[in-house]
Amino acid sequence: QKEVEQDPGPLSVPEGAIVSLNCTYSNSAFQYFMWYRQYSRKGPELLMYTYSSGNKEDGRFTAQVDKSSKYISLFIRDSQPSDSATYLCAMTRPGNTPLVFGKGTRLSVIA
Amino acid sequence: GAVVSQHPSRVICKSGTSVKIECRSLDFQATTMFWYRQFPKKSLMLMATSNEGSKATYEQGVEKDKFLINHASLTLSTLTVTSAHPEDSSFYICSASEYLNYGYTFGSGTRLTVV
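Protein chains in written order, with this note's numbering: chain A, 1 to 111; chain B, 1 to 115.
Hints are computed from structural coordinates only; laboratory data are not their basis.
Bear in mind the structure is a predicted one, so any value in this text is a computation, not a measurement.
Glycine included, every Cβ here is placed at the ideal spot set by N, Cα and C.
Hints are not guaranteed to be accurate.
[Stated by the list, open to error] Covered stretches of chain A (in silico footprint by chain B; criterion: 3 or more residues with CB under 8 Å from a CB of chain B, positions within the stretch not fixed):
1. 13-27
2. 62-75
[What the hints assert, rightly or not] The calculated lysine-lysine pairs, modelled on DSBU-like cross-linking and capped at a C-alpha distance of 35 Å, are:
3. LYS14/B x LYS56/A
4. LYS42/A x LYS20/B
5. LYS42/A x LYS42/B
6. LYS55/B x LYS42/A
7. LYS67/A x LYS42/A
8. LYS42/B x LYS67/A
9. LYS20/B x LYS2/A
10. LYS56/A x LYS64/B
11. LYS14/B x LYS42/A
12. LYS56/A x LYS20/B
13. LYS70/A x LYS20/B
14. LYS42/A x LYS41/B
15. LYS2/A x LYS56/A
16. LYS2/A x LYS67/A
17. LYS42/A x LYS66/B
18. LYS2/A x LYS66/B
19. LYS14/B x LYS67/A
20. LYS67/A x LYS66/B
21. LYS14/B x LYS70/A
22. LYS20/B x LYS64/B
23. LYS2/A x LYS41/B
Work out the full structure: start from the sequences and follow the hints.
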């Protein structure tokens, strides 16, 4: 079992839809959870960063962490064509250790 | 927000030559920097972790003599691909973190093509 599992998609939705992306993980030592957006041929851009369990909202984006289930989610409301990208979940243990990434989910938002 | 500047963004070099990629943290002190390699439509593969003033820690299978990493200051890390070969062609990305700040920031990446 990989440390972090993420459905690679591709996922295609119409403009305005609510998008749900998620990852599961196996290492209970992970405390910090991130979602990155990566456009083609660009470096990943940090979207959301959450410590431990709970919800965090930033504009159209909501990140949820359920440590009891080892499950994290990213919701995108009112999706736009500009949201079309690959979304990577990532997580790490305390101590500035390397991130462990999911494989990434390719999202296309169709106008 | 935190910004990491990486360059060059693209480089083409001849087989057998060396290429240096720079990664700078512009508005914070990067106590730790990470170097990744990414193949098309694949996730990031960690190559090495470097802490300022220390030798880099390389992941299994990464040749430390081929991929030289220097992190001599809190704002600059470099990756030098020595004696490059076509199979080294890839997208290289750096990431930097400030001590106990877990919102790791990535550079924009360097596309290396070895001909």
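Which of the stated hints cannot be reconciled with the structure, identified by number in ascending sequence?
1, 2, 3, 10, 12, 13, 19, 20, 21
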